[in-house]
Amino acid sequence: MSAKTTTAGGGKRGPSGGGVPAKGLRAGILDLGDSVMLGLASTAPVYSLAATLGLIVAVNGDYTPLILLLGFIPVLFIAYAFRELNSAMPDCGTTFTWSRRAFGPWAGWLGGWGVALAGIVVLANLAQVAGQYLWLLIGDGSLAENKVLVTATGVVFIAFMTLVNYRGIRLGEQVQRVLTYVQYIALGIFALAIIVGIAGGASGEATTSQTFDLEWFNPAGAFADPGAVVHGALLALFIYWGWDTCLAVNEETENPSTTPGRGAVISAFVLVAIYVSVALLVMMYASVGTEGIGLGNEANQDDVFLAMKDVVLGPWGWLIVVAVLASVLSSTQTTILPTARGTLSMGVHGALPPKFGEVHPRNQTPGFSTQVMGAAAVVYYVAMSFLSENLLADSISSISLFVAFYYALTGFACCWYFRGTLRSSGRNLWFRGILPLLGALMLTAAFFVSAVQMWDPAYGDTQIFGVGGAFVSGVALLALGVVLAVVCRFLPSTRGYFLAQQPGTTSPGMRG
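The numbering of the sequence shown is our numbering, which starts it at 4 and goes up by one.
Mixed in with the good hints, there may be bad ones.
In the DMTMM-like style, the derived pairs of lysine to aspartate or glutamate whose C-alpha atoms are separated by at most 25 Å in a straight line are [stated by the list, open to error]:
1. K150 - E392
2. K150 - D305
3. K150 - E301
4. K150 - E361
Ranges between beta-carbon positions, derived for each pair [stated by the list, open to error]:
5. V470 - G144: 34 to 40 Å
6. A386 - F215: 45 to 51 Å
7. I467 - P318: 43 to 49 Å
It should be emphasised that the hints constitute simulated quantities derived from the structure, not laboratory data.
Heads up, the beta-carbon is just placed ideally off N, CA and C, and yes, glycines get one too.
Full structure from sequences and hints, please.
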């Protein structure tokens, strides 16, 4: 692997004048369409909406569509931060690289840890859901209750998607395209059936439909309970997370300094359109009531689509199960992508042992990093499944802490790195300064509000020493990153990263 400094994929150098170390990845293999597709698939939109919509309705009721829009605002602002930083430094390390350039080695290392941590923990969740939904399609669905079978199936799915990513970005893109088509076609059929049902005036058994009302978007009504708005927005944050995958494959994308950022912003807007549209249709069909398939029914909150499938689609109800399964499988693959490329970049820059920086010579993928990320996810999933399924669920709840942490760090890094260019134009002021800073401040607030909520022992399914298990597991996992960073600080192979003077810590606009 060459240590030569160049801009990956032939992209132009950013305003810093600094290039990106060549890593051996297959440059220019993805176009804008591929980038947008990866950004959409990584969020697992069908599963995320199915699993989260009922929870938001339970907190915010009719104001759920407004909450989905409010939750999108900080995500959009951070998407602009990703776009601007990528234009200057199209490095697959994303938050790790940018935070290092802005704030130094420790911030970079912890930013990289935040990305990897969120990926590993969510892979455990995705594996479990994939295992359950596969067996829901077979027989009477009772096999989905077999913990050993579900866990083994989830492990197989992680292993398979790890292999797909290991074998090459083009194979991964082809698998992703099939899974994306499956889930969106099934979701489209589901939405069309709902529209037909609404038009026909029949909304299913034991429920009452409701007509569209502009009051659902009234901030004055929603903010009558500010606590509920904050809680709902935090839930909405989770369903938008994942679009940044298209930035992690920037070195494998055409025009790496521009195309991935454009793909991130486009995918973010498409996501909010999908989420709000589907939420409106489902609310109009099933209502937010607490009976039958009503979204307010506690029995439906784990998966509102699963509760509605037979009423909406009849004998074709299995289609929505297939859609959720395809959704979690595609997200499994696209979650491994950024985590492996993040640790690849950390290895190349010396923040992790050199082995992490190796690229498979034939497949042109982060061979070792991909295997490590897959193995780490399997170990975490299996250990937590058999140690305590409730603790696994609570650790998954803490993902919002990890996401808010590294998204906020990226927003602050953007504002600080480009601080010297903010006065040069109105565009720079807004897209490099004001919006990223606002997004970072919102997500910092979300981090602390979420942490306070998780502290309550009644928040989740477990408590440790009188504190909520979600808080303990989330803080413990973040603290583990600090411990590992200290270890790397003294390892012979990585201590140079912490001791070397970091390039780019001065704003590009402040140089002579």
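Outcome of the hint check:
no.	hint	in the structure
1	K150 - E392	10 Å, holds
2	K150 - D305	18 Å, holds
3	K150 - E301	23 Å, holds
4	K150 - E361	37 Å, violated
5	V470 - G144: 34 to 40 Å	36 Å, holds
6	A386 - F215: 45 to 51 Å	47 Å, holds
7	I467 - P318: 43 to 49 Å	46 Å, holds
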